[in-house]
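K.L.:
Chains A and B, in that order, give the protein sequences. Each residue of the first sequence is one higher than the one before, starting from 33 at the first, in this note's numbering. Each residue of the second sequence is one higher than the one before, starting from -13 at the first, in this note's numbering.
Incorrect hints may appear among the rest.
Claimed, not checked - Calculated Cβ distances over 12 Å to all of chain A for the following chain B residues:
1) SER(-10)
2) LYS81
3) GLN140
4) GLY163
5) GLY200
6) THR202
Claimed, not checked - FRET-style restraints, in silico, Cβ to Cβ:
7) A:GLY111 <-> B:SER(-10): 19 to 25 Å
8) B:ASN180 <-> A:HIS228: 56 to 62 Å
9) A:SER128 <-> B:SER(-10): 39 to 45 Å
10) B:LEU267 <-> A:GLY166: 46 to 52 Å
11) B:LYS119 <-> A:ASN145: 54 to 60 Å
12) A:PRO192 <-> B:ARG1: 25 to 31 Å
13) A:GLY166 <-> B:ARG283: 21 to 27 Å
14) A:GLU193 <-> B:ARG1: 36 to 42 Å
15) B:ILE172 <-> A:ALA183: 38 to 44 Å
Read the hints as simulated data drawn from the structure, not as lab findings. The C-beta atom is built at its ideal place from N, Cα and C for all residues, glycine as well.
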Amino acid sequence: MSTDSDTELNSAEESRPPERPTRDPERRIDRRSLLRAGDGPMVIFEGVTKRYGSDVLGLDDVSVSIDAGEFVFLVGASGSGKSTFIRLLIKELDASEGTVTVGGRDLGKLRRNKVPYLRRGIGCVFQDFKLLPGRNIYENVAYALEVTGDAPRAIRRKVPEILSLTGLADKSDRLPDELSGGEQQRVSIARAFVNHPRLLIADEPTGNLDPDTSIGIMQLLYRINRTGTTVVMATHDRELVDKMQMRVIALENGRLVRDERKASYATVEP
Amino acid sequence: MRLSFFFREAIRSIRSNVAISVAAIVTVMIAVFILGTFIPSYLYVQSAVNQEKSRLDISVYVADAATDAQVTSLQGSITNLHSQGLVKSYVFVSKQQALQRLKSELSDQSILNLLPNNPLPASFDIIPNDPAKDAQIAAALRGNPAIDTTMQGQGINYAATTTNRLLSVAKFIQYTGFVLILILLIAAVLLIGNTIRLSIFARRREVEVMRLVGATNWFIRWPFVIEGIICGVIGAIASVFALYLAKVFIVEPWINNNTDSLTKSNVSTIGFGSLAVILILAGGLVGAFGSGVTLRRFLKV
Ligand SMILES: Nc1ncnc2c1ncn2[C@@H]1O[C@H](COP(=O)(O)OP(=O)(O)OP(=O)(O)O)[C@@H](O)[C@H]1O
Ligand SMILES: [Mg+2]
């Protein structure tokens, strides 16, 4: 039947040298995540170019490395390539040139049918929340666990836990459209984090929210980062970036134009 | 085992587009209903054909003028066919016995007294092993001088025409029924497929989200497949129910009114229980197939 019915985990995965070909991938795969634990960088872009069609450049020769546990803002004007960067991380797109490595995995070499296992190790948060409309908050969060084949008992334990962590404990029976935008975004963060991914990516998570609500969401993401999760957040929100003083990677027309630690949204012109 | 989860997902999906699901269920119901009337009718005709076939024999009429030697040689040919396995058994019916047999079949025997002499020929009555090979047996015997070629069928009478007519009726039912059922099943598969397509379309945003949180293709597909199977099985169960009503209120009263023609025969057909099982399986298969085909087209990796 479904490949999901087999929930066997394989810990040998971690110690295996990366070059070794996967002979029987289905058996070796950790069904929760493909990301390898280890001290190496969480994300490495090496000369990554993404072309849409033959002429449109999404990203242009970007090389960057993000360590495990970092919090990174991805900034730039509209059309600068932030979403392209994010989508390459979850292999929604493939690089036209160069290599994208996430958690020690060269995504260019990752087979299509392994992509779900990659994504289980990466929490995703989007501007439009991407909640499942017909399901209540509890079910929305539980879905991310159902997907990994978690036992019902584990699901019943983990969901309320994460809902109270994100301040949604009393909302678990509500449908997404019965919540405010900020609350919906909390749900999507809860869903992204319920598997305790080692990498969390957020594409303009505060784009639809007012400044006060945005700060709440930002604090939540920061707390998640403090648990050791690497967070990559694309944003337009100058105030937020300035306030946080985290690493900033700036893109312009697909090119990396700035990469600074403890930085603001824009370079302060002297 | 994720089966209960997939089931809940499928039910959720059916409930969210009831109208379309009902349309698919009704199509399956109609197709399965026709399948359900066809199977027993076909088996009935087939069984009737077999029974008719087993009744058919070949009469080889012996000329009055035939010499003993000629008769013996004819018998030799028949024995030969017997040893070749074409002939199951045969008997010699003398002129006297033939007259006797006729007498027993007639209610008014006085007519026979009017005959100046016995007009009936002697004959070999042959029961073939396979009635379809009547003609072959006839051909093998033809030309033997003992045969009275003035008689019906040039001395060898076999019910080739009757057999053939029955066989062609059976074939007709078989082919038209087969084509009809094929068309209906295809229609049912397509309608189930359409239901699933609309269901996928209605949930395409959901499917996108499922992919984002790391659902494998089959994790996304199973609920749709189960949705198709549920529609198929519900349609089949509904038509089994309709067939049962038809059996109790239409077919059985009719049989009871026509008892004399039927009770004597050994013509048989399928039991209702087995028919129900077959139909429900067919419904489930149609559902699985319909959703499978659609998933291949509309829910690619
Ligand atoms: N699917 C696509 N097909 C063709 N061109 C695309 C596609 N997606 C993005 N692009 C182009 O690639 C460039 C980078 O787009 P991207 O979405 O990464 O920008 P962004 O920084 O996320 O912008 P925004 O802040 O508006 O979300 C743009 O010029 C855009 O028009
Ligand atoms: Mg974008």
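K.L.:
Taking the hints in turn, state whether each one holds.
P.N.:
Quick rundown of the hints versus the structure:
no. : hint                                : in the structure
1   : SER(-10)                            : violated, 9 Å
2   : LYS81                               : holds, 76 Å
3   : GLN140                              : holds, 68 Å
4   : GLY163                              : holds, 35 Å
5   : GLY200                              : violated, 4 Å
6   : THR202                              : violated, 4 Å
7   : A:GLY111 <-> B:SER(-10): 19 to 25 Å : violated, 46 Å
8   : B:ASN180 <-> A:HIS228: 56 to 62 Å   : violated, 41 Å
9   : A:SER128 <-> B:SER(-10): 39 to 45 Å : holds, 44 Å
10  : B:LEU267 <-> A:GLY166: 46 to 52 Å   : violated, 32 Å
11  : B:LYS119 <-> A:ASN145: 54 to 60 Å   : holds, 58 Å
12  : A:PRO192 <-> B:ARG1: 25 to 31 Å     : holds, 26 Å
13  : A:GLY166 <-> B:ARG283: 21 to 27 Å   : holds, 24 Å
14  : A:GLU193 <-> B:ARG1: 36 to 42 Å     : violated, 30 Å
15  : B:ILE172 <-> A:ALA183: 38 to 44 Å   : holds, 42 Å
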